[in-house]
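> Sequence:
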Amino acid sequence: MKYTNFSILLALVSTSMANALTDITDANFQTAVDAWVSDESTATTTYGDIKDWDVKDVTTMKEAFNLKTTFNDDISGWDVSSVTDMEKMFG
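Under mature numbering (1 follows the signal peptide of the UniProt record, and there is no 0), residues -20 to -1, 1 to 71 are what the sequence shown spells out, in order.
Ranges of calculated distance between the beta carbons of each label pair, as one might list FRET restraints:
no., residue 1, residue 2, range
1, Ile55, Ser21, 16 to 22 Å
2, Thr25, Lys68, 25 to 31 Å
3, Glu20, Thr64, 26 to 32 Å
4, Gln10, Asp54, 15 to 21 Å
5, Val60, Asp14, 15 to 21 Å
6, Lys42, Ser18, 18 to 24 Å
7, Asp6, Asp29, 19 to 25 Å
8, Thr25, Asp54, 17 to 23 Å
None of these hints come from the bench; they were simulated from the model. Just so it is clear, CB atoms sit at the ideal spot from N, CA and C, and this is done for glycine as well.
With these hints in hand, go ahead and build the complete structure from the sequences.
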């Protein structure tokens, strides 16, 4: 029984921590990118690791990484199927 209660508690804490991250939307996508490039540690606390961002609801990534010459993180796992504008996304 102790292990069952511990497992339930661990699951609740994990779910709570996952839900604490800010969702990525059109409204905050550029802010999140700018935060990641300027202060990765703080951005990770707010949005999670950039490789894990759930960007499925983002429709524009126009100029998102333009002039961000230090950016070289893996975003290959992003679901960009809703994005309709990637003009100059990387410059």
